[in-house]
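Visitor: So the chains spell out like this:
2 protein chains.
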Amino acid sequence: MSHPPEFDIFTVTCPSRTSLARIANKRTAMVVAALGDDTLRFTELRAAVAGISNKVLTVTLRHLERDGLVARHVHDEVPPRVDYELTELGRTLRAPLEELGRWADEHMERVLAARESYDARL
Amino acid sequence: MSHPPEFDIFTVTCPSRTSLARIANKRTAMVVAALGDDTLRFTELRAAVAGISNKVLTVTLRHLERDGLVARHVHDEVPPRVDYELTELGRTLRAPLEELGRWADEHMERVLAARESYDARL
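Protein chains in written order, with the working numbering: chain Z, 1 to 122; chain X, 1001 to 1122.
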């Protein structure tokens, strides 16, 4: 992997390493994929990412908002309505994360077979 | 993100979700990038992934070996020599992870700017 000199994921103190931790993350991948082109409320998003707790989804969304990847909109209604969508920056993450999702889909059988054969050797 | 019906990352019980957790992971990304086309000893790999502890690298390598992504070779020498390389399956992960690394490099400035502006609002 060649990197421009200003950032280096192999350097502990480099901010791109923190950023990689944020984006190379199952929950980020699932939230970005679940949002896609849509604007979703918290409950809709939670339903889309099955099995995620309120707390974990809240923290994930706050991180993504802080990183400028997700926009949180609070509508002045009664009761107040809050929804989420990918920002323009967040949308640029879709393609690389979809690549990774495709990899998981395409190679899952081989990974599972490798696990079985590894466990059988123990 | 469209998925073939047999795997669905949004289903908690689906094995592709576990697999996504394994590959959409900072440490996996760094080890795969650090190995590249090389065969490295543990100490060389640890030096390449600065700031990783022996324990964390050991666990990461064991997971990657179990998933069939990394091959561990024990050479019958005194003292015994152990080295690691990506398997053919592991090499197929390089391109999608490199995409993600490129994203981190290219968008880092904007992510950092977003963080600063978010924190300034608190």
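Honestly, the hints are just simulated from the structure, not real lab data. Please note that the accuracy of each hint is not assured.
[As the list claims (entries may be wrong)] If you want the footprint, here are the derived chain X segments under chain Z, 3+ residues with CB under 8 Å:
| hint | stretch |
| --- | --- |
| 1 | 1042 to 1048 |
| 2 | 1058 to 1068 |
| 3 | 1071 to 1079 |
| 4 | 1086 to 1093 |
Keep in mind the model is a prediction, meaning the values are calculated, not measured. Every residue gets a Cβ at the ideal spot worked out from N, C-alpha and C, and that includes glycine.
Visitor: Evaluate each hint against the coordinates.
Guide: Outcome of the hint check:
1. 1042 to 1048: violated (count 1)
2. 1058 to 1068: holds (count 4)
3. 1071 to 1079: violated (count 0)
4. 1086 to 1093: holds (count 3)
The structure fails hints 1 and 3 (numbered hints given earlier, in ascending order).
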